[in-house]
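So the protein sequences, as listed, match chains A and B. The numbers in the working numbering rise by one with no breaks, and the one at position 53 of the first sequence is 53. The numbers in the working numbering rise by one with no breaks, and the one at position 4 of the second sequence is 4.
Source of the hints: derived by calculation from the structure; they are not laboratory data. Beta carbons are placed, not taken as given, at the ideal position from N, Cα and C, and that holds for glycine. One thing to keep in mind: the hints can contain errors.
Far from chain A, some chain B residues (derived; all Cβ distances over 10 Å) [stated by the list, open to error]:
(1) Ala7
(2) Ala9
(3) Leu26
(4) Pro100
Restraint-style ranges between C-beta atoms, simulated for each label pair [as the list claims (entries may be wrong)]:
(5) A/Gly17 with B/Arg117: 35 to 41 Å
(6) B/Thr25 with A/Ala45: 48 to 54 Å
(7) A/Pro25 with B/Val59: 43 to 49 Å
(8) B/Arg81 with A/Ala52: 48 to 54 Å
(9) B/Gly107 with A/Glu50: 23 to 29 Å
(10) A/Ala31 with B/Gly55: 51 to 57 Å
(11) A/Pro24 with B/His80: 54 to 60 Å
(12) A/Pro42 with B/Ala125: 30 to 36 Å
(13) B/Arg117 with A/Pro25: 38 to 44 Å
(14) B/Arg117 with A/Pro42: 43 to 49 Å
(15) B/Trp127 with A/Thr3: 45 to 51 Å
(16) A/Pro25 with B/Glu45: 39 to 45 Å
(17) B/His4 with A/Glu41: 50 to 56 Å
Here is what each chain is made of, one letter per residue.
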Amino acid sequence: MITILFFGRLSEAANTGRRTIPLPPGVADTAALRGWLGRDEPALAAALAEPAMGIAVNGALSRTNVILTGNEEVAFMAPVSGG
Amino acid sequence: MADHESAGAIASFVGAVRGESGEVTLLDLSHYPGFTERAVAAIGEAARVRFALLGYRVVHRFGPLRPAEPILFVGAAAPHRRAALDAVAYLMDGLKTDAPFWKREHGPAGSRWIEARDTDHADRARWEESW
Chain A
1 MITILFFGRL
11 SEAANTGRRT
21 IPLPPGVADT
31 AALRGWLGRD
41 EPALAAALAE
51 PAMGIAVNGA
61 LSRTNVILTG
71 NEEVAFMAPV
81 SGG
Chain B
1 MADHESAGAI
11 ASFVGAVRGE
21 SGEVTLLDLS
31 HYPGFTERAV
41 AAIGEAARVR
51 FALLGYRVVH
61 RFGPLRPAEP
71 ILFVGAAAPH
81 RRAALDAVAY
91 LMDGLKTDAP
101 FWKREHGPAG
111 SRWIEARDTD
121 HADRARWEES
131 W
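Work out the full structure: start from the sequences and follow the hints.
Take a look at the structure:
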């Protein structure tokens, strides 16, 4: 199972902060997962398409596409603001 | 942090929720457990090295906070005041743009997400360093 986390505006677009699903057929990396998630959810697709969005796989921020095997935690993060 | 005989300067900062004249009744902060702590620690370590700090402390709250409640505490100890004061400013600028927290502001007019502003990124850029 793959755990998908949404933070900030993305959690609103996804209507949840967390989804746990089997790795969908044909999805083998984070770029494909991103496309798959937005396939029939326009609000989520738009939020995921924003260039400022960050992706972390198993807690490590990644600026490149990451291969997924089906047991990862993938976090999609809207722009942050601490302080 | 202050328990160091070389620490001639200890500076601190406390950030609080702005009520914006009644427009904000609640600020809800979410974070990514584990990931957020590591990111904050990386910013802190960068400050420690850059300003040769004798110690530092960052305490960041999350969850629902009301106006006037403190959001975070930043403290830095150094031999002299300039390093301690600059380290606190540096830590705050870094946390504003790079600490993985997400803020949702609630008020009578509804709610909205708060993200780092252009001025925050400009503040951050003046240190010309990434972590």
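Verification of the supplied hints:
With 10 Å as the threshold on Cβ separation, the claim that B/Ala7 sits away from chain A holds: the shortest Cβ distance comes to roughly 24 Å. With a cut of 10 Å on Cβ distances, B/Ala9 stays outside the contact zone with chain A, its closest approach being about 22 Å. Under the 10 Å C-beta cut-off, the non-interface status given to B/Leu26 relative to chain A holds; the minimum distance is some 16 Å. At the 10 Å boundary, the C-beta of B/Pro100 falls inside the reach of chain A, the nearest C-beta of that chain being 5 Å off.
Separated by about 24 Å at the C-beta atoms, A/Gly17 and B/Arg117 break the suggested range of 35 to 41 Å. Look at B/Thr25 against A/Ala45: about 32 Å separates their beta carbons, and that is not inside 48 to 54 Å. Checking the proposed 43 to 49 Å range against A/Pro25 and B/Val59 shows it holds: the Cβ atoms sit about 46 Å from each other. For B/Arg81 paired with A/Ala52, a C-beta distance near 36 Å fails the hint of 48 to 54 Å.
At about 25 Å, the beta-carbon gap between B/Gly107 and A/Glu50 stays in the expected band of 23 to 29 Å. Roughly 43 Å separates the CB atoms of A/Ala31 and B/Gly55, a value that falls outside the hinted 51 to 57 Å. Checked against the hint of 54 to 60 Å, the pair A/Pro24 and B/His80 passes, with Cβ atoms roughly 58 Å apart. Between A/Pro42 and B/Ala125 the beta carbon distance is about 34 Å. The supplied range of 30 to 36 Å therefore holds.
For the pair B/Arg117 and A/Pro25, the supplied restraint of 38 to 44 Å holds, since their beta-carbon distance comes to about 42 Å. Between B/Arg117 and A/Pro42 the CB atoms are about 27 Å apart, so this pair departs from the stated range of 43 to 49 Å. Taken as a hint, the range 45 to 51 Å is violated for the pair B/Trp127 and A/Thr3, whose Cβ atoms sit roughly 35 Å apart. The supplied range of 39 to 45 Å is met by A/Pro25 and B/Glu45, whose beta-carbon atoms lie about 43 Å from each other.
Our hint of 50 to 56 Å for B/His4 and A/Glu41 holds, since their Cβ atoms are close to 54 Å apart.
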